Structures are given as structure tokens and as C-alpha cells.
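**Q** Chains as they are written, first to last, in our numbering: chain A, 1 to 258; chain B, 1001 to 1264.
You may find that some hints are simply not true.
As the list claims (entries may be wrong) - Think about it this way: if two alpha-carbon atoms lie no more than 30 Å apart in a straight line, the pair counts; the simulated DSBU-like pairs of lysine-lysine are: (1) B:K1161 <-> A:K248; (2) A:K240 <-> B:K1236; (3) B:K1209 <-> A:K240; (4) A:K161 <-> B:K1198; (5) A:K248 <-> B:K1066; (6) B:K1167 <-> A:K248; (7) B:K1236 <-> B:K1193; (8) B:K1167 <-> B:K1209; (9) A:K198 <-> A:K161.
Unchecked claim - Across the chosen pairs, the derived CB separations fall in these ranges: (10) B:T1248 <-> A:Q103: 37 to 45 Å; (11) B:T1248 <-> A:G66: 32 to 40 Å; (12) B:P1117 <-> A:R102: 47 to 55 Å; (13) A:R56 <-> B:N1113: 53 to 61 Å; (14) A:P110 <-> B:T1248: 50 to 58 Å; (15) B:N1109 <-> A:R170: 53 to 61 Å; (16) A:P193 <-> B:W1009: 47 to 55 Å.
Simulated from the structure, these hints should not be mistaken for laboratory data.
These numbers come from a predicted model, not from an experiment.
Using N, Cα and C, we set each Cβ at its ideal position, and we do this for glycine too.
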Amino acid sequence: PSGGAKGRAPPPLPTIYAITPTYSRPVQKAELTRLANTFRQVARLHWIVVEDAAARSDLVSRFVAGAGLPCTHLHVPTPRRYKRPGLPRATEQRNAGLAWLRQRHQHLPPPQPGVLFFADDDNTYSLELFHEMRTTRKVSVWPVGLVGGRRYERPVVENGKVVGWYTGWRADRPFAIDMAGFAVSLQVILSHPKAVFKRRGSQPGMQESDFLKQITTVEELEPKANNCTKVLVWHTRTEKVNLANEPKYRLDTVSIEV
Amino acid sequence: YVYSRPPPWSDTLPTIFVITPTYTRPVQKAELTRLANTFLHVQNLHWVVVEDSPRRTNLVSNLLEKAGLNFTHLNVETPKSLKVGLSWIPSHTPRGTLQRNLGLHWLRNSFSNTPPPEGVVYFADDDNTYSLELFEEMRYTRRVSVWPVAFVGGLRYESPKVSPSGKVVGWKTVFDPNRPFAIDMAGFAISIKLILEKPQASFKLEGVKGGYQETSLLKDLVTMDGLEPKAANCTKVLVWHTRTERPTLVNEGKHGFTDPRVEV
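Start from the sequences and build out the full structure, keeping to the hints where you can.
**A** Laid out in C-alpha cells, this is it:
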């Protein structure tokens, strides 16, 4: 830290909290590995990993223990009735991440520095994105690549303010933005203790909009990434792996984690 | 800890030359970005990126400049057809072959007059996933080292079969386990010394049966009993053959909808 006139150190960098819902499937460990490789390049990033599971799995527990960055390992199972195609996913897990943050900071005086964002485990994040989101005062937004049936979607910005949405799907939504396209300051989450991702009354594809409606207005949004003209995050998806040759009988003599 | 920059270069640590063929498609920048984020952790890594392209593209040039890694940027275009005598026949060169060979060629040229560093060559496709541990396993390869690879051959993983005395004696695969080297491109590394000792060894361009690409190179470099098993005698999975879905760009329409000047 530099000296300054009174010898005071500059304020520490606000912590970025990444809330990642995750679920068990063959590529899970690979996805978490390459995510960790990215997150470990970011200063003061705290990773909140939330398993869609009734109990912490051995795989994720071992992974988190050796991940090489500050991690919080949570779990909450999605109720069976919500596991249908077309229904929003990861709702309970993201809410668990929010609940943990709220609980941890409940007795601390405002304003609490920090920014949180929702980092799905198969997306791709550039390091520049984290510079951009760290200065979020309330809610910041930016373009997302490879989503909505387009090369990218983005907020439309005029004179430094968001005035509309450039999106391939239902541009009439109040916040026509993907989960990967925004960050929220910790203080906003703490001052809106009831703001959560909803199940009841939430149509598919409305998760982000219904959430943001509870905590901000379009007018208040802070456009990042050069007034929302640069793509710094991509909604990549990983192919399902072909396990056609896995034997039903005569399994291997050792049990190897993949 | 220094963020977003590779660890300082060390004069005593062996170098890892990573050869990555790449080609233009919507997910290319994302793939190279997350690869770079991984490689930034690895000390003494030199990334050789070879584009399947008639020219080096701005997208890849800019990405490499900004990434902060030691890199070499090459390009060679895979021809759609080959001229044989007076006629053109469709080229069946497997994807990435010409690019990997160009990487080897560059390496051999670079050290034709200077003593090469200690180190290895590794072929890293741009959509796979690599743990950091993998690079430390391969770093001290004497000739050719091998290890398991996840999600290939229709299995959770394929692996070399290692005897109790630590020698590779076969291949645990379902798909054609009798290949001389039944191993995926991501499952081996070759010492620089060996690459330079055998200047004729390269990937065969044509007439290579499915699954035999790796054999076409390795057969000129090493025999099975000369292989060095890594990753705890090939019992740990440190690399995954992930593949990325092609994004549906249905809303771009026939003439493109989004601004092509916005790089994705």
C-alpha cells in the first residue's frame, strides 16, 4: 500500500463474489476446473459454489478444498416438481448463495463493499470482465456473447444510460438480459433482503427480469464494457459426453474420478 | 501472488511448448480466452498458436498480445483438396494436422543453430480442459510421457495400461485397443530433445484411419515400453476432452443481424 499524506493505505479492493450453481454430471469436474483456473487469476474473488444436491458430494468437497481460492461450499436440492424442461433452473441454488451473503453480513454496518454476480459453471469469462464489474455501485450491465440465438445480446446505451435492449428473445421484458450480463453491489442485496429468484408466478425466461425488478430500475443501471460494446463473457455450453462404450459389467478394477 | 500475469520465467525449469491448432468459428475467442486463463498459471510455458487460415487474424493476434503469455503465432490453411498430377482430389487431412506439423517445424527451425532448452512439446486442442497439475506431470518428460484422458473413445476415460513395475504394457480402451498407440492427442507429451533428434517425425497427412493420427507420429519416436507413465501410474485424470456446443445463431438470419464490428 502507498503512503499518502497521512500514511493511510488505500481502501482494499472490493471483493467479487461469484455465485455458481452446479450439478453432478460427467463434465462437472472439468467445468469447475477451468472456472477455477480463471477465477484464480482475479484478485479478491470469493467463490460461492452451490450444489444442486441433498448433501455435499465428495467430488465437489475435494475440489473446493484444493481449488486455490477462497471458496464457500453450499448445497440445496431442487424440488422434484421443478425439474421439468422449460422450468427455470438453479433458482434454489442462487437463492442459497444470496442467503449466505446476507447472513454473513447482517450484523455489519452499511455500506458493505463488494460485488456479486452469477457465474454458471459452463460459461466463459475474460479477466477484463472482473475489472469492469468491480466498480459497480448498484447494478451494472454488459453484453453477453453467444446467447439469444445471436452472436451477442447487449443493453443499448445512450449518453451513458441504458435505454433499451438488443436481444434475440422477448425484447419487451423489463430487463431483457441474461444471467451472465449483470452484477449487483453487495449493499444493494443487503438493503433488499427480500429480493430473490422466484418460482411462483415466474414465466420461463423471466428469471433475470423478475429479480432485477426487485432491486433496481433501468434508469439506474451502470453500463460497462465501453458502453456495452465489448463482449467480455460468453454463454458457452458444453456437449454432452458420449459414454456409449462404458461397460455395464466387468467394471475397471480401480475407481477413478473424472 | 501476481494476478493476470504468468509467473516469472525461470532459467532452470524445463519449458513447456504447447501447440494449439485453432480455427475461426463463433466460440473461438471464448475457447482461446479460457485456455489463456489456464496457461497464465503455468511457469515457463510457451504457447504456439497455429491458425487454420490463409492469414493471421486480428482476433487471434489481439488476444495473444493482450494475454501476457509467451507466444508464437503461426498460420497455415488446410486445403479442401490436393493437387495430384493433373487432378484435384478431396483432401482427407484430419483437422489440425497441418497446423500441428507447422508447430513442430517452427520448433525444429528455432533450435537448428542454438542449443534447445530442456522441455517438452504438448498438443493442446482449444476446446479441451486442462488441470494445472497436468503441466507439472509432463514437465520432466525424458522421451515420451503418457496419462489418462477423460471423455474419449466413448468412455469416462481412456488410459494406458501400466504394469506393477511401472511400464506401459497396453491400452485400456474399447475402441481399437490394439492400435500401436491407442491414446488421444491430449494424452502424451514429447521431449524437445526427441523432437529434434528425429526431424522426420510428423503427423501423417493423408490415408490415416480414424484413431491412428497419434500413432502416425509416435511410431517414429518411441516404442510402447519406452513410454513414461505419469499421473500416479495413470490412475488420475488431469485432462478432459470436452467439446463445446455449436451455438444456435438462428436469430442472425440470412444476412446477419448483429454488428459484425463487435468482436465475439
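**Q** Does each hint fit the structure? Answer for all of them.
**A** So, going through the hints one by one against the coordinates:
1. About 20 Å separates the Cα atoms of K1161 (chain B) and K248 (chain A), which keeps this hinted pair within 30 Å; it holds.
2. In summary, the hint linking K240 (chain A) to K1236 (chain B) is supported, as the alpha carbons are separated by about 22 Å, within the 30 Å threshold.
3. A C-alpha spacing of about 25 Å is found between K1209 (chain B) and K240 (chain A), which places the hinted pair at or below 30 Å, so the restraint holds.
4. Taken as a hint, the K161 (chain A) and K1198 (chain B) pair is broken in the structure, with Cα atoms around 62 Å apart against an allowance of 30 Å.
5. The hinted pair formed by K248 (chain A) and K1066 (chain B) fails the criterion: a straight-line CA distance of about 48 Å is larger than 30 Å.
6. As the CA atoms of K1167 (chain B) and K248 (chain A) are separated by approximately 28 Å, the hinted pair is consistent with the 30 Å bound.
7. Taken as a hint, the K1236 (chain B) and K1193 (chain B) pair is honoured in the structure, with Cα atoms around 27 Å apart against an allowance of 30 Å.
8. Taking the CA atoms of K1167 (chain B) and K1209 (chain B), the gap is about 27 Å. The hint holds against a cut of 30 Å.
9. At most 30 Å may separate the alpha-carbon atoms for a hinted pair to count; K198 (chain A) and K161 (chain A) meet this at roughly 27 Å.
10. Roughly 39 Å separates the CB atoms of T1248 (chain B) and Q103 (chain A), a value that falls within the hinted 37 to 45 Å.
11. Take T1248 (chain B) and G66 (chain A): their Cβ atoms lie about 36 Å apart, and the range 32 to 40 Å holds.
12. Between P1117 (chain B) and R102 (chain A), the C-beta spacing of about 53 Å keeps the proposed range 47 to 55 Å intact.
13. Range check, R56 (chain A) to N1113 (chain B): Cβ separation about 57 Å, and the 53 to 61 Å hint holds.
14. A hinted range of 50 to 58 Å for the beta carbons of P110 (chain A) and T1248 (chain B) is inconsistent with their spacing of about 43 Å.
15. The given range of 53 to 61 Å is respected by N1109 (chain B) and R170 (chain A), whose C-beta atoms sit roughly 55 Å from each other.
16. At roughly 50 Å, the beta-carbon separation of P193 (chain A) and W1009 (chain B) lies within the given 47 to 55 Å, and the hint holds.
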